[in-house]
Amino acid sequence: EAQVTQNPRYLITVTGKKLTVTCSQNMNHEYMSWYRQDPGLGLRQIYYSMNVEVTDKGDVPEGYKVSRKEKRNFPLILESPSPNQTSLYFCASSYLQGGQETQYFGPGTRLLVL
Amino acid sequence: AQKITQTQPGMFVQEKEAVTLDCTYDTSDPSYGLFWYKQPSSGEMIFLIYQGSYDQQNATEGRYSLNFQKARKSANLVISASQLGDSAMYFCAMREGPGSSNTGKLIFGQGTTLQVKP
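Going line by line, the protein sequences match chains D and U. Using our numbering, the first residue of the first sequence is number 1, and each one after it goes up by one. Using our numbering, the first residue of the second sequence is number 1001, and each one after it goes up by one.
It is worth saying that the hints were derived from the structure and are not from the lab. Please note that the accuracy of each hint is not assured.
[Stated by the list, open to error] Listed below are the simulated BS3-like cross-link pairs for lysine-lysine, each with C-alpha atoms no more than 30 Å apart in a straight line: (1) D:57 to U:1003; (2) D:57 to U:1105; (3) D:18 to D:71; (4) U:1117 to U:1016; (5) U:1105 to U:1003; (6) D:18 to U:1105; (7) D:17 to D:69; (8) D:17 to D:65; (9) D:57 to D:17; (10) D:65 to U:1003; (11) U:1117 to D:65; (12) D:69 to D:18; (13) U:1105 to U:1070; (14) U:1003 to U:1070; (15) D:57 to D:18; (16) D:18 to D:65; (17) D:57 to D:69; (18) U:1117 to D:57; (19) U:1073 to U:1003; (20) U:1105 to D:69; (21) U:1105 to D:17; (22) U:1105 to U:1073; (23) U:1105 to D:71; (24) D:57 to U:1073; (25) D:57 to D:71.
[What the hints assert, rightly or not] A few chain D residues that don't get close to chain U, going by computed Cβ distances all over 10 Å: (26) 15; (27) 16; (28) 18; (29) 24; (30) 69; (31) 70; (32) 112; (33) 114.
[Claimed, not checked] Distance ranges between label pairs, derived from CB positions: (34) D:99 to U:1117: 31 to 39 Å; (35) U:1016 to D:15: 47 to 55 Å; (36) D:96 to U:1044: 17 to 25 Å; (37) U:1115 to D:62: 29 to 37 Å; (38) U:1030 to D:54: 21 to 29 Å; (39) D:62 to U:1056: 37 to 45 Å; (40) U:1041 to D:102: 23 to 31 Å.
Model, not experiment: these values are computed from the prediction. Every residue gets a Cβ at the ideal spot worked out from N, C-alpha and C, and that includes glycine.
Based on the sequences and whatever the hints tell you, model everything.
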């Protein structure tokens, strides 16, 4: 089954404690991306990756790091989380074929930083 | 700079009727893609439909179609024969490229909440 998985689904942590949210896709997609969703601010892109070892900043990259060492995984790293990073996070992957793009989203990760 | 706007915070539609959700965009890049997503109250994000800027025909996917008017820079989502399960938040998004310096960067509209009445 084609899917994007994220772990953990829910996380409560404290300010400053490093954490990683994993994202994995089983479809061999080249493009992967991270988003955060906040009430009143909608969805905003954090980072994206066009392929292995190719990553770039989205609209809100501050406080986040990513890596793309292999095609299937695109972890999101919060080196020193702060309360303003409390949010709902989505990972997504997509492919472009014949001029048509199809996207798949992970189930989301709800993060609370105290 | 790229920009995307959804002007309808909330919409109501009667079950089995068609509904149009508005989306306008702004970009100076001739190459771009437009996306629509559905987010039910359960929270997951569901990709619905994609339209490339060079596509001559409007994209369709089941009951969803994208009314693409390039000159007006609009990409409205049309849902035909609404069902109760269509009640959700709907987001429009745009990505410039390929070939743009912003290729890969995706921006979203603020969303429209659709409620389908029985």
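Hint by hint, work out which the structure violates, then give me just those numbers in ascending order. 11 and 18
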